[in-house]
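2 protein chains.
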Amino acid sequence: MSSNLYDVAYQMEKVIRSSAEYTQLRKLYDEVNADASARVMFENFRDIQMKLQQKQMMGQEITPEEVEQAQKTVALVQQHQSISRLMEAEQRMSMVIADLNRIIMKPLEDLYGVPGQQ
Amino acid sequence: MSSNLYDVAYQMEKVIRSSAEYTQLRKLYDEVNADASARVMFENFRDIQMKLQQKQMMGQEITPEEVEQAQKTVALVQQHQSISRLMEAEQRMSMVIADLNRIIMKPLEDLYGVPGQQ
Ligand SMILES: [Ca+2]
Ligand SMILES: [Ca+2]
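Residue numbers (this note's numbering), protein chains in the order written: chain A, 6 to 123; chain B, 6 to 123.
For reference, chain A alone in the conformation it holds in the complex:
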């Protein structure tokens, strides 16, 4: 890989790190993790989300009980101010990353068409 590619990648890393979206995300992440009960609640939420995503990806059936449990956990974390703010910050960061990827992947898209539709 040419040094130009590395240079611009490291520059992007720096810009991401100093962006409002990332610094806000970091602040809220630290806030939630500094509060033991918030951290446990958030980790539990994450575990349930990931388990369901994995089942979905594997084409496994998700039971009504699992759906109900997931909905209850979402409702719980949404009522927690720090966690819900963290989740909003994560959403914004994801959108930034998606935007960056769309721009960066344009040369390959030009070659192969829309990603996943080759």
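Derived from the structure by calculation, the hints contain no laboratory data. These figures come from a predicted structure and were not determined experimentally. Yeah, the Cβ is synthetic: ideal placement off N, Cα and C, and Gly gets one too. Everything hinted at is true.
Cβ pair distances, simulated, as ranges:
(1) A:Gln-96 with B:Lys-19: 24 to 32 Å
(2) B:Asn-49 with A:Glu-36: 47 to 55 Å
(3) A:Tyr-117 with B:Ala-41: 17 to 25 Å
(4) B:Asp-104 with A:Lys-32: 28 to 36 Å
(5) B:Ala-25 with A:Gln-29: 37 to 45 Å
(6) B:Ser-42 with A:Thr-68: 46 to 54 Å
(7) B:Gln-83 with A:Tyr-117: 15 to 23 Å
(8) B:Tyr-117 with A:Lys-60: 17 to 25 Å
(9) B:Arg-44 with A:Val-45: 53 to 61 Å
(10) B:Glu-66 with A:Ser-7: 41 to 49 Å
(11) A:Gln-61 with B:Leu-57: 19 to 27 Å
In silico SDA-like cross-links for lysine to any residue, where the CA-CA straight-line distance does not exceed 25 Å:
(12) B:Lys-56 with A:Gln-58
(13) A:Lys-19 with B:Ala-103
(14) B:Lys-60 with A:Gln-54
(15) A:Lys-111 with B:Gln-16
(16) A:Lys-111 with B:Asn-38
(17) B:Lys-77 with B:Ala-41
(18) A:Lys-111 with A:Gln-16
(19) A:Lys-32 with B:Leu-113
(20) B:Lys-77 with B:Met-62
(21) A:Lys-60 with B:Met-62
So, partial list: chain B residues that the calculated Cβ filter (under 10 Å) puts toward chain A:
(22) Asn-9
(23) Val-13
(24) Ala-14
(25) Ser-23
(26) Gln-65
(27) Pro-112
(28) Tyr-117
Chain B with the ligands: place on chain A using the hints.
This is chain B with the ligands only, laid out in the frame that chain A set:
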């Protein structure tokens, strides 16, 4: 998203587009697509690969016949000079993109740990 993030993304797009890896990939891609028999052979190979990947992702069983068919198609395209060179160029481009992503995703990795292992 701040203009800094857009600026650096567009700069990276430009650097990727003018990289040796991308220009070589584009050249070989055009070469294969300009040759009707090579194009059909390559598209057939791609279709088989994608079908197997999708089955694997869905946790579906891949039959010995499908494995054999895939191996035969790989052997066939590897003997075709333009296609095998295109596949090598694709591999190199993938490695560049993976390297860039590793660098760009470092800020988020610092927060969440190794991606996929949250
Ligand atoms: Ca295509
Ligand atoms: Ca972690």
